[in-house]
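Novice: These are the residues of each chain, in order.
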Amino acid sequence: MQLLVNGESINLNDGVSLAALLQQLGYTGETFAVAVNGDFVPRATYDATTMNAGDQLDIVAPVVGG
Amino acid sequence: MMDTLKLYGKAFDSRLLVGTALYPSPAVMRESVHASGSQIITLSLRRQNPEQQQGKMIWDYIQESGCQLLPNTAGCKTPKEVIALAEMSREIFATDWLKLEVIGDDYNLQPDPYGLIEAARELVKRGFNVLPYCTDDLVVCRKLLDVGCEVLMPWGSPIGTGRGLMNKYNLQTLRERLPDVPLIIDAGIGAPSQAGEAMEMGFDAVLLNTAIAKAQNPVLMAQAFKLAIESGRAARNAGLMLKRQTASPSTPTLDMPFWQQTVTVGENA
Numbered sequence: 001m002q003l004l005v006n007g008e009s010i011n012l013n014d015g016v017s018l019a020a021l022l023q024q025l026g027y028t029g030e031t032f033a034v035a036v037n038g039d040f041v042p043r044a045t046y047d048a049t050t051m052n053a054g055d056q057l058d059i060v061a062p063v064v065g066g
Numbered sequence: 001m002m003d004t005l006k007l008y009g010k011a012f013d014s015r016l017l018v019g020t021a022l023y024p025s026p027a028v029m030r031e032s033v034h035a036s037g038s039q040i041i042t043l044s045l046r047r048q049n050p051e052q053q054q055g056k057m058i059w060d061y062i063q064e065s066g067c068q069l070l071p072n073t074a075g076c077k078t079p080k081e082v083i084a085l086a087e088m089s090r091e092i093f094a095t096d097w098l099k100l101e102v103i104g105d106d107y108n109l110q111p112d113p114y115g116l117i118e119a120a121r122e123l124v125k126r127g128f129n130v131l132p133y134c135t136d137d138l139v140v141c142r143k144l145l146d147v148g149c150e151v152l153m154p155w156g157s158p159i160g161t162g163r164g165l166m167n168k169y170n171l172q173t174l175r176e177r178l179p180d181v182p183l184i185i186d187a188g189i190g191a192p193s194q195a196g197e198a199m200e201m202g203f204d205a206v207l208l209n210t211a212i213a214k215a216q217n218p219v220l221m222a223q224a225f226k227l228a229i230e231s232g233r234a235a236r237n238a239g240l241m242l243k244r245q246t247a248s249p250s251t252p253t254l255d256m257p258f259w260q261q262t263v264t265v266g267e268n269a
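Listed in order, the protein sequences are those of chains Y and R.
Numbering follows my numbering, in which position 32 of the first sequence is assigned residue number 32; successive positions increment by one, without gaps.
Numbering follows my numbering, in which position 133 of the second sequence is assigned residue number 133; successive positions increment by one, without gaps.
Just chain R, with the same shape it has in the complex:
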């Protein structure tokens, strides 16, 4: 049975989306993305002078990666900035896909829900496939769906913190109340176990960057995340057992040796 991730009409075998930043070298980035098995990678745009070469490096990589590109609007604080950067991204990367970020707080890089909804509405009108990086607030998520987003990317915890799934109640609520919406946990994942947990909870995919890029061995960590996400997805599909308060033996208790019914021999009952 095929278990593909479907986003904006495209099907993907991998449920791990990875960022391309913070790696010790371009070579390690390439090898790590490959090891992750990811088919969707995030990128960005920044001011650049003609003599700077990073643009060419990433451009060359884009040409050979074969991945769906997901340009972000990282650092934008207003819908106006977002719209301009989104249009520039579409022209350069030749894709309508966009990881929408509108940052409302510099300290924890928390998305601005009002700016997010306003920007998403305009971007959808302009034909973008918007994947908003949002908080785990059910009402904000619903509004994003109302303005035309088909995919949501709630945070696990703030970007780069590695704290995992900070508010499981809210995340579980999102999953239960929006059962048919592709939900991707974006940001805050620090360990494969956390990514696996997100998948076990029923999230459709995980997007991460720092946890792989800042590992001592990024390529090996990319493999670890790949395995954890596949494992978590399989567990979700298999159906987890219910938790219990008290112990329940797994080995049969019937015909246990050494056990005797406590009957006193020779005594008249």
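The shape of chain Y in the complex, shown without the other chains:
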């Protein structure tokens, strides 16, 4: 199935958890946060969150700001 990660299309097997996807993409540590389809997903629920076709993920990290 296809989904969008930070605006880029990727292919993924069905039934993959958010935790597994993040690991596969190389996100480690705790300096990022995730929203799926515009809704915040708490870190504690990554394992229980299953990805679906067409999901749009936003993975953000700290940047400078004004």
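Just so you know, the hints here were simulated from the structure itself, not pulled from any lab data.
Heads up, a few of these hints could be off.
Ranges of calculated distance between the beta carbons of each label pair, as one might list FRET restraints [stated by the list, open to error]:
(1) Y:Gln2 - R:Glu64: 38 to 46 Å
(2) R:Gly75 - Y:Ala44: 26 to 34 Å
(3) R:Met2 - Y:Arg43: 36 to 44 Å
(4) Y:Glu30 - R:Glu150: 24 to 32 Å
(5) Y:Arg43 - R:Gly75: 17 to 25 Å
(6) R:Leu240 - Y:Leu4: 56 to 64 Å
(7) R:Arg177 - Y:Gly54: 49 to 57 Å
(8) Y:Pro42 - R:Glu150: 22 to 30 Å
(9) Y:Ala48 - R:Leu138: 42 to 50 Å
(10) Y:Asp47 - R:Met57: 27 to 35 Å
(11) Y:Glu30 - R:Glu31: 25 to 33 Å
(12) Y:Asp39 - R:Gly104: 16 to 24 Å
Covered, in the sense of this in silico footprint (three residues per stretch, anywhere, with C-beta under 8 Å from a C-beta of chain Y), are these stretches of chain R [said to hold, decoys possible]:
(13) 17-26
(14) 69-75
(15) 80-86
(16) 221-234
Because the structure is a prediction, the values reported are computed rather than measured.
Where a beta carbon is used, it is the ideal one built from N, C-alpha and C, also for glycine.
Take the given structure of chain Y and dock chain R to it, following the hints.
Specialist: Only chain R this time, still in chain Y's reference frame:
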């Protein structure tokens, strides 16, 4: 006498809040923030791939800065975007503090008052300490207080313009009508004199970024703003004189030499 700035139950000695963006290098940013004496710094969140290093750089800085972090929702245009970004910020930065931005116009980055109030209401319910970047409209400011904001951050002028206090009448009105609310001038400050003026008008603090970051010597400019804000605050506390229309000599006029009463000698009065 301690003259501390109190925001959401925390006390600060510095009345200058600074942004961390637009500096020529991370090293200059760190040195400038230090020189400013600021105890509150703004940051943000953006999409990032694992191999990008900016996240780590800013994270390392956060760990060592000792400052109160004030994550912003810059660029958000709807309450839904704001809520999601706010929750992500709280998880990463481990703080309930939030500089709320809901932008209603791309051209002058003017806050959307309706979105601002709606977002603020929900964020307060979720336990955030909301510091809204708002316009200088008294009624909008009152509504933001009504939904639970304890601090307001009216603009001086649009972000990055450096035009200073654009509408002093509105700003003065806010200060006079909301005497007990911490009011921070946020955005549009271009020169230390403008920041000093805001403090003399009775604003509690100033938040700025571009004026320091884009100076030819950001570290020196950070010091200049620190001094101007301390000076303006001291002037406010001291009580400014009233303006007059006509001149009034400051040197005593009594016993002025060379002056004689115009009396004609020898003339019978």
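Novice: A separate judgement is required for each hint: does it hold in the structure or not?
Specialist: Consistency of the hints with the structure:
1. Y:Gln2 - R:Glu64: 38 to 46 Å: 42 Å, holds
2. R:Gly75 - Y:Ala44: 26 to 34 Å: 27 Å, holds
3. R:Met2 - Y:Arg43: 36 to 44 Å: 39 Å, holds
4. Y:Glu30 - R:Glu150: 24 to 32 Å: 29 Å, holds
5. Y:Arg43 - R:Gly75: 17 to 25 Å: 23 Å, holds
6. R:Leu240 - Y:Leu4: 56 to 64 Å: Holds: the Cβ-Cβ distance is about 57 Å, inside 56 to 64 Å.
7. R:Arg177 - Y:Gly54: 49 to 57 Å: 50 Å, holds
8. Y:Pro42 - R:Glu150: 22 to 30 Å: 26 Å, holds
9. Y:Ala48 - R:Leu138: 42 to 50 Å: At roughly 47 Å between Cβ atoms, R:Leu138 and Y:Ala48 fall inside 42 to 50 Å, so the hint holds.
10. Y:Asp47 - R:Met57: 27 to 35 Å: Between Y:Asp47 and R:Met57, where Cβ atoms are some 29 Å apart, the hint holds.
11. Y:Glu30 - R:Glu31: 25 to 33 Å: Hint holds: Cβ distance 28 Å, inside 25 to 33 Å.
12. Y:Asp39 - R:Gly104: 16 to 24 Å: 23 Å, holds
13. 17-26: With 5 residues closer than 8 Å to chain Y, the segment 17-26 of chain R meets the three-residue bar; holds.
14. 69-75: holds (count 3)
15. 80-86: holds (count 5)
16. 221-234: Coverage by chain Y is violated for the segment 221-234 of chain R (0 residues, Cβ < 8 Å).
In summary, the structure is inconsistent with hint 16 from the numbered list given earlier, while agreeing with all the others.
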